[in-house]
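As they're listed, the protein sequences go chains A and B. Start counting the first sequence at 1; every next residue gets the next number (UniProt numbering). Start counting the second sequence at 1; every next residue gets the next number (UniProt numbering).
Hints in this document: simulated from the structure, not taken from any laboratory. Just to be clear, a hint being listed does not mean it is correct.
[Stated by the list, open to error] In silico BS3-like pairs for lysine-lysine, Cα to Cα no more than 30 Å straight-line:
id, chain 1, residue 1, chain 2, residue 2
1, B, 7, A, 183
2, A, 285, A, 183
3, B, 285, A, 285
4, B, 285, A, 183
2 protein chains.
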Amino acid sequence: MKFATLKDGTLDGCLALVSRDGQRAVRASAVAASLIDALQRWDEVHLPLCDLYESLNAGSAPGAFAFDPAACAAPLPRCPQWLDGSAFLNHGRLMEEAFNAPPIPLFDTVPVMYQGASDDFLGPHDDVPLPSEADGIDFEGEFGVVTGPVPMGVSPEAALACVRLVVQINDWSLRALGPHEMKTGFGFLQAKPSTAFAPVAVTPDELGEAWRDGRVQMRLQVQWNGERFGEPHGGEMNFHFGQLIAHAARTRRLTAGSIVGSGTVSNVSRAAGSACIAERRVIEKIDQGEIRTGFMRFGDRVRMQARFDGGADGPFGVIDQRVVAMAATAGAA
Amino acid sequence: MKFATLKDGTLDGCLALVSRDGQRAVRASAVAASLIDALQRWDEVHLPLCDLYESLNAGSAPGAFAFDPAACAAPLPRCPQWLDGSAFLNHGRLMEEAFNAPPIPLFDTVPVMYQGASDDFLGPHDDVPLPSEADGIDFEGEFGVVTGPVPMGVSPEAALACVRLVVQINDWSLRALGPHEMKTGFGFLQAKPSTAFAPVAVTPDELGEAWRDGRVQMRLQVQWNGERFGEPHGGEMNFHFGQLIAHAARTRRLTAGSIVGSGTVSNVSRAAGSACIAERRVIEKIDQGEIRTGFMRFGDRVRMQARFDGGADGPFGVIDQRVVAMAATAGAA
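The task is simple: from the sequences and hints, build the whole structure.
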């Protein structure tokens, strides 16, 4: 199944199903008011949602309409926990060099993960208001999974069975603020403003062979202001999503609807390009001796789309966002 | 006003008002279903809640009943964001020594803060299920505030005006896991299992002169297995809550119901004792040359209660929790 959330002025939005071909949608609110509602009552609503999805695909769902990604919020506009790993070790090693930071202990064997804000996600076409270009505005293209309820102490294998949905993520980052927050040991906070999501969340079966070994085996195509930036492949993820979920649940249970991210998709091959500017910058420094690329400016756009290995469009839809200056009045409220 | 949340099987629980003397309560669900609902509609529900509170205090509220803290969840069983500072620098400096960590840069001038899980808080008398005594089980007594909506880029002064409620917190910590997570730079995750709250959240006016300079000017009395552990005073907080909120909102807005914590209450005077075991241990090492105190064992209890300077009971009620082994079946689910 393919899910989207229509903006309707509520905090959780209105649940919709999107047809397999991505062209049509139908409100599913008669079955579950919102995606978080569906995830919390999954066993109860799963079959009725499947029925509605099949009727949508067959062209027989009453009230179906043309799917408009611009009308969408994030599939989960808010969620219980947003836990983002850094499971592409190639990226992590490059970032250590970018931040001039000491090697992360046990980086090859124990996942690293930060907890981000999960109350105020951005939709796929939402503007991104930020306070200052001097903060080093950067995108990070990622894949992620949405979990059902996960018990404390779950094994990686059992954790993988807790995956309900797969999502595509832009984890906005402020690079001028990250190194200090890492040095405090308390982790990212100001360096990680609201995260954005592609419009469509899908059950793993929608990915077919591209959901394999607990990884999203697809390329993430990234464009910055219309120019090719990179298309690294998700298959190079060094920890699979079951391992990431189990890491998160080592001393806590996760409630239904928690999101676990892969961290920036990154490949060893330089030909793949990058899914964030910081990584390109450090590659420039290593390979060319100097950094040539600046961070984003207000008005800049980033576009992200996953593609199957054959080149076909991925099922998540497109993230296409513009960075804008925070409203001048905000600080005065 | 004084608020509590009655367990009723829902994720947000049922809103109740607690009388000024802490003896009686009345369901407020006719005005707002839950505390988060009240915080999201504060301007609309504030006056009706005040009216109900006054009738409760006057003994004329229909349906009032004896207040039972054991029937309470955390005032907010879940909330949009849980952001915990470390605003008692005395504690932070001691912990650096305990963790054998390098000094945190800018620690005196820039607050440090981690983002914790906010989807699954513990009530004041809930057992605390944890996987292993070897993780170094510790309590942390804190004060905190619940915010209304906070705009991105707010000033510390304007942030202080966003405080809606004051709460008392036990920030459970696993000390064997903290140092590694600090060294990764990604911050605490496994080291911070579910956080617990005293039963009653209060509007700042309920504290009278004890809410002053953006700080809770009260002692936090901590007992471990019935023995005195410490009673450090909240007035020594080096950053006030407005500064902590403004730090959190530097690059994001906070939605209504976000909770910002003080970090472990800690005083320079050794006579005050401590509000967590890790701090006592490092003091033992410094003052007596060796650590004498172990961490908590399954079956141990911790009790926390705030007191006004004159010695009277604080308005938050009591946290009294027992640590238990995680259910053996959890990992198999």
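Results of checking the hints against the structure:
1. Straight-line distance between C-alpha atoms of residue 7 of chain B and residue 183 of chain A comes to about 40 Å, which puts the hinted pair past the 30 Å bound.
2. Our distance criterion of 30 Å between C-alpha atoms is met by residue 285 of chain A and residue 183 of chain A, whose separation comes to about 22 Å.
3. Taken as a hint, the residue 285 of chain B and residue 285 of chain A pair is broken in the structure, with Cα atoms around 46 Å apart against an allowance of 30 Å.
4. Distance hint between residue 285 of chain B and residue 183 of chain A is fulfilled; the C-alpha atoms sit about 25 Å from each other, no more than 30 Å.
The structure is inconsistent with the numbered hints 1, 3, although it conforms to all the rest.
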